[in-house]
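In the order they appear, the protein sequences are chains A and B.
If you use this note's numbering, the first sequence corresponds to residues -11 to 1177, in order.
If you use this note's numbering, the second sequence corresponds to residues 1492 to 1822, in order.
Just so you know, the hints here were simulated from the structure itself, not pulled from any lab data.
Take these hints with a grain of salt, some might be off.
[As the list claims (entries may be wrong)] With a cut-off of at most 16 angstroms between alpha-carbon atoms, the simulated EDC-like pairs for lysine to aspartate or glutamate come out as follows:
1) A/K37 - B/E1572
2) A/K577 - B/E1572
3) A/K582 - B/E1540
4) A/K577 - B/D1573
5) A/K749 - B/D1698
6) A/K588 - B/E1580
7) A/K582 - B/E1570
8) A/K747 - B/D1698
9) A/K582 - B/E1580
10) A/K749 - B/E1703
11) A/K747 - B/E1700
12) A/K357 - A/D651
[Stated by the list, open to error] Simulated DEER-style distance windows between Cβ atoms:
13) A/A760 - B/P1634: 54 to 60 angstroms
14) B/R1706 - A/E922: 56 to 62 angstroms
15) B/R1706 - A/D748: 21 to 27 angstroms
16) B/G1501 - A/D748: 38 to 44 angstroms
17) A/M(-5) - B/I1697: 54 to 60 angstroms
18) B/H1765 - A/L723: 57 to 63 angstroms
19) B/P1634 - A/R789: 25 to 31 angstroms
20) A/G542 - B/P1634: 57 to 63 angstroms
21) B/Q1643 - A/P563: 40 to 46 angstroms
22) B/I1697 - A/S599: 45 to 51 angstroms
23) B/R1801 - A/D595: 54 to 60 angstroms
All residues carry an ideal CB built from backbone N, CA and C; glycine is no exception.
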Amino acid sequence: MSQKTTMTVDGNEAAASVAYRTNQVMAIYPITPSSPMGEFTDEWAVAKKTNIWGQIPLIQEMQSEGGAVGAVHGALQAGAMTTTFTASQGLLLMIPNMFKIAGEMNSFVMHVAARTVATHALSIFCDHSDVMACRGTGFTMLCSNSVQEAHDFALISQAVTLESRIPVLHFFDGFRTSHEVNKINILSDDELRHMIDDDLVEAHRLRGLSPDAPKLRGTAQNPDVFFQAREACNPYYDVVPGMVQAQMDKFAEMTGRSYKLYDYVGAPDAERVIILMGSGCTSAEDTINYLVEKGEKIGMIKVRLYRPFDIESFVAAIPDSCKSIAVLDRTKEPGAIGEPMYLDVITALREAGREVPTVIGGRYGLSSKQFTPAMVKGVFDHLSQDKPMNHFTVGIVDDVTRKSIDYDANFDIEDDNSVRALFFGLGADGTVGANKNSIKIIGENTDRHVQGYFVYDSKKSGARTISHLRFGPKPICASHLIDRASFVAVHQFSQINQFDVLELADEGATLLLNAPYEADAVWGHLNKEAQQQIIEKKLKMFVIDADRVAQDVGMGRRINTIMQACFFKLSNVLPIDEAMDLIKGAIKKTYMRKGEEIVKRNIAAVDESLSHLHEIDVPAEATSTESRPPIISAEAPDFLQRVTAVMMAGQGDLLPVSAFTPDGTWPTDSARWERRNIAVDIPIWEPELCIQCNKCSLVCPHTAIRAMVYEEDKLADAPGSFKSVDYKAPDFRGLKFTIQVAPEDCTGCNLCVGVCPAKDKSNPSRKAINMAPHIEHVDRERDNYEFFENIPPVDRTKIKRLDAKGSQFLLPLFGSSGACAGCGETAYIRILTQLFGDRMLIANATGCSSIYGGNLPTTPYLVNPEGRGPSWSNSLFEDNAEFGLGYRLAVDQHRDKAVALLQKLAEPIADGALIEELINDESHSDADYAAQRERVEQLRSKLKSIDSPEARLLDACADALVRKSVWIFGGDGWAYDIGYGGLDHVLASGRDVNVMVLDTEVYSNTGGQASKSTPVGAAAKFAIAGKEIAKKDLGLMAMSYGHVYVASVSLGAKDNQVVKAMLEAEAYPGPSLIIAYSHCIAHGYDLKYGLDQQTRAVDSGVWPLYRYDPRRVQQLETPLQLDSTKIKGSVHDYMANEARFRMIEKMNPQRFKKLAEASADHTARRVNLYQQLSQLQVHGAGNGNGKDA
Amino acid sequence: MIDTKTQYLGFDLPHPFVPGASPMADDLDMVRRLEDAGAPMITLRSLFEEQIVGEQMANFHATAEPAESFAEATSYLPEPEDFAFGPYEYLEHVRKVRDAVDIPVVGSLNGATPGGWLEHAKLIEDAGANALELNIYDVAADPSLDAATVEQRTISMVEQVKARLTIPVAVKLSPFYTSMANFAQQLDETKVDAMVIFNRFYQPDIDVEELEIARMLQLSDSSELRLRLRWLAILSPHVKAKLAVTGGVHTPIDAVKAVMCGASTVQLVSSLLHHGPGFLKAMREQFAQWLESHEYTSLEQMRGSMNMQRSGNPSALERANYMQILQSWQM
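Starting from the given sequences, assemble the full structure and let the hints guide the process.
Encoded structure:
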């Protein structure tokens, strides 16, 4: 029956393909790394693909994983074949319902891309901490180890649950399997039908609730019956293992791919055996086979069925010869006797009466830590010891509790007959996309086996990517990164001089280098280390100026197809003519839908590539005297030198346990030490044209251009190229003024140039800020910026007008983040830190702002010269408002405690006026805060002479007397969807917290899924045909309370209103909500126009600007002030500039017209409503109406 | 009933009033209303190759560059199979308009490259257009190109399109040619089926506060007709191609003048945008009434009566006309 059709897909697609075809309903919510599974199903449904019963499944995006599993539960209870996809915290949110789903014996499979649960830190990568948290739910748990198995087990799970009525948690390793591209055999619809018993599907439907056959579930039971009723399911669990094996056998008969509940591999007479689960098994199996061939008596049990754990089958799988076992868990349970699978194995052996002299447990691979053949061998070597350490770790150096075992890191089993290629690229250059293409070309046009895995750094702009590609005659299972590369491609020349990209190049390997120089000049531009490695490793070196080729054919920086052609030429995987035809075919397939011009230019790029490829005659000796520059400045703090710099160099795996704090605390003020140099062009200031409005500084997403006023004498040691002019306005007349670019932080987004209003009257194309080549200006501007940074910032209490312009003279305490070039969110955050940074506590919902805010190695929050700055943390996605409220409760308690101590110590302090001022402080301005800090210092001075425990306590907590500014940051996915319930409650609490919603109208961080903020007519994932329902009016809902300060702001449209709203919100002694329009790459246009689009949104009425201030009622004024004037632009003109809207117009113009009209109608109604609200009469007390508006 | 029939692009039309290329035809309901108002033919808005290419590349860079850059998101927008930034939306519209009305549908094209003109012309024909108007919307701003080269580029393009297409082809011209009569003669030799005179370019204005070019398009008025009357009158005796006038026809008398100077059809855009589709019916009726009241038996009787060959005062259409007016003013 098997058609042996192969496809090259990743694990997510492999699992989703079966899930989609064998279900009717999918309720989903995006979470990394499982999001693509839901996205695939949505795309297939839009394309009207059917399941095996000829139906198009219904895909429903929910507001959270808790919501998704609720909808799943309901669909199951109504008898539909239903599935969902999730990971990590999402899975944890499903747990309450999983108990119900299992308790009610629903046939159901959920597919989980296993991911680390956040503890001391969040991690998007893989371990089994999430699935292990589900052990008690009553789900069958089946683990896939590879892309092929993710496909196969998706089907086996579905067959098993129908037969057993026990739901199945089918899981595979996040990223390592979910995102690995591999060539697999695809199951046909007929094969699916062969495994899915329609009678059981019908039985599932009939068990569903129906008024035609009334029944009741979900009862409340009492001590008299609950226990017995709970035990009634036992027989069903008892037979699950047998059913799983039977379905595996049926599957094997159909496909030839045979699986056991517990698969043993290795020597039949193995004495040392390891037991593990997941993708680690693949590298372990390769290693065992390698070592068994050399005579080692070792083996492994691959655990596939983890729950119900079948003791009989498990024990039977252990060879009789086994003398020692190491159970490897990919999770950590602090405080437990051992990790879960270790405990299961101990219990299983005990219950089976099987004697194995040594059984130990170990941990490996947390958060996708590499699990290499060297580590596998290390575990076997460890088992050989007389008294091997129990509860060990492998893959790290634990120099604190000494639990890690040693291994020979140089051991590897790479197959010399395979091509092992490493590609170093940038996200924007398309390297990963082209490599995925290459894998498919080779996988689908040759009999070779293929594997691709892609590693990204933590930045969203200028991200470095490393592609690991293997091609070979034998199936490729290895789940670890390439150890020795036979081919290394460096797609960005700067990388070879910044990082050790040749470290993994094998002797005699091929090096392909994109270099912006003539071929004969390339060698001279390499640093000494690179030259030496090329010579010592005898690398065959080829170069191409791919950027020039791309530029010549109109492809900008997209060099990927050019480099792809060179790879095929040099690797000889295919005859070059055939390869070129296949590349062009792939280009047509990939890009034809995006436009013929794109196809033409890509093909032109490929055609031009090989004639520009040159082999370099490598000199016998290194000629360069330049060394690779240090990763970080020698002046950086010690921790950054010892830890952060190692991580930045890509060597974080080498750091020992002692390098880290045990609670995840991390110093701020690190990103400013990172010099990324990712811009092609940077802004250069023209002082004589500048009108000193500071807008360039205001809008910069990366704090890479700053304004400063200072006294002239500060210029004494200025570099010759440092630019300075007289400050023009009266507030600081007599001072000097400078706009300075941070050339190594700039991302080249162009927003500053776009916003600059000052033009040369004789040549208006020249502004006061103009982009110029980075390479020509970086050295000079680096010196200038270094000097600029050391000029003391202006005394903030002297700034008379704290508006958009004035705010830019304040020291920013946020900068150099890894956010996207042109990001629409980060400027808001930076302005907040300029205004309140030295008093800020920030609670940050998971999402873009938590990633660019807290993703290591470097983070963007800074400290001022006094050592103060924002203190930041991320709890979860769903609980951020509550988390921030907790800050406020604590801060208030700390202040109350300090006040109580002050009162208690009033006598010895003996300064009633000071105490009264400290207690009654109502600071609102920088001068007020400075005065209060001064009072605190006076207090401390007096406390020194008081010898009492209370005095020491007060000394320690006196800073609590300075009002703290609690901020809650998050995106619209949090505020409108998953966190809305909590946000609503926190706003209703009346407590003094400030909420900043960075509204991109879409789930940006996980790749553009629709939220309830997504506007009508916009395409987003899960709203591919264009969202039909209007955006939720979060501001209006908050206003309805009456006591919440609410503002809707847009930096591009009205910058002064932004700053005013921030100041008002912070000063308001109750809850405040600011909703900030944030343009985003998910809107589909060049973000250099982001501020223009914001203006269009406001002009069209789509994004009204307003401030609702409950305090105004006290002055008998209407609380709502509209800050945007009447509609003066069309909604259509706004929509026409963004691909998210144009996509709908292109696909279905008539539908788009209706949606655009609906949007315009909704906009007009909303603006009208706001206008009416802003004109309400507020009546004073005594007229019978109270003071309510 | 007076005979107002005319021929244009191979079709027998009951009268000469044709809705010209404009956004009106973007909407199927409006197209039907125009047909109901008696439009004998409909010309669609131009497909601009340059705009399509620009949008494709802008979208490509805006969506492809952030993709495959970050572990949590390998893309940021959905990629539905039936979405493309190409001419497909336009071609689909051609099909829909063809299906919606019984009158001939004329596609309109502004190409940017030799290949683009040919390729898109063929696509519009394949989509079912009954004829094609080539919109020569080209400002000759390159100082390195001489007049002959500019003209030859257009002639060559029209020749190729004519050779490739089976449907009739019109060429919509601008008035800015060094030797319009000669150029029209060359075009005529390509056997192009019609010439439309003249294109109205977007009129750039200057925002003196912002120091920016402001793009403007104002609706035409009758004063713009005079330039067109002159060239209709000059060209109509010499070219075999049918002539259509566009720009400045706002009254029945305007139409009478255009026909008298040699136009086979008059294209209405500004007046329809201003007054709505019902205006076409009124124009048609008042035009017929004028002919009747002036005892014309047919449109053909009137067509070309005031052209340079037949008007009895051809010099009035040439430079002498200019001189005389100036002289009369001086007097």
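Here is what the structure says about each hint:
A distance of roughly 12 angstroms separates the Cα atoms of A/K37 and B/E1572; the hinted pair therefore holds under the 16 angstroms criterion. Proposed proximity of A/K577 and B/E1572 is supported: the alpha carbons are some 11 angstroms apart, at most 16 angstroms. Using a Cα cut-off of 16 angstroms, the hinted pair A/K582 and B/E1540 holds, with the two alpha carbons roughly 15 angstroms apart. Of the supplied pair hints, the one linking A/K577 and B/D1573 holds, its CA atoms being roughly 13 angstroms apart against a limit of 16 angstroms.
Among the hinted pairs, A/K749 with B/D1698 is consistent with the structure: their alpha-carbon atoms are about 13 angstroms apart, no more than 16 angstroms. Proximity of A/K588 to B/E1580 is assessed by CA-CA distance (about 20 angstroms); at most 16 angstroms being required, the pair is judged violated. A hinted pair counts as satisfied when its Cα atoms are at most 16 angstroms apart, and A/K582 with B/E1570 qualifies at roughly 9 angstroms. The hinted pair formed by A/K747 and B/D1698 meets the criterion: a straight-line CA distance of about 13 angstroms does not exceed 16 angstroms.
Among the hinted pairs, A/K582 with B/E1580 is consistent with the structure: their alpha-carbon atoms are about 13 angstroms apart, no more than 16 angstroms. Our distance criterion of 16 angstroms between C-alpha atoms is met by A/K749 and B/E1703, whose separation comes to about 11 angstroms. Distance check on the hinted pair: A/K747 and B/E1700 sit about 11 angstroms apart at the alpha-carbon level, within 16 angstroms; holds. A distance of roughly 19 angstroms separates the Cα atoms of A/K357 and A/D651; the hinted pair therefore is violated under the 16 angstroms criterion.
Between A/A760 and B/P1634 the beta carbons are some 27 angstroms apart, a value that contradicts the proposed interval 54 to 60 angstroms. In this structure, B/R1706 and A/E922 meet the distance hint of 56 to 62 angstroms, their C-beta atoms being roughly 58 angstroms apart. Distance hint for B/R1706 and A/D748: a CB-CB separation of about 22 angstroms, consistent with the stated range 21 to 27 angstroms. Checked against the given bound of 38 to 44 angstroms, the beta carbons of B/G1501 and A/D748, roughly 55 angstroms apart, lie outside it.
At roughly 59 angstroms, the beta-carbon separation of A/M(-5) and B/I1697 lies within the given 54 to 60 angstroms, and the hint holds. Here the CB-CB span from B/H1765 to A/L723 is close to 58 angstroms, well matched to the stated 57 to 63 angstroms. Evaluation of the 25 to 31 angstroms hint for B/P1634 and A/R789 yields a failure: the beta carbon distance comes to about 50 angstroms. The hinted range of 57 to 63 angstroms is not satisfied by A/G542 and B/P1634, whose Cβ atoms lie roughly 23 angstroms apart.
Checked against the hint of 40 to 46 angstroms, the pair B/Q1643 and A/P563 passes, with Cβ atoms roughly 44 angstroms apart. The beta-carbon spacing between B/I1697 and A/S599, approximately 47 angstroms, falls within the hinted interval of 45 to 51 angstroms. For the hinted restraint 54 to 60 angstroms between B/R1801 and A/D595, the CB-CB distance of approximately 58 angstroms keeps it satisfied.
The structure fails to meet hints 6, 12, 13, 16, 19 and 20 from the earlier list, while all remaining hints are met.
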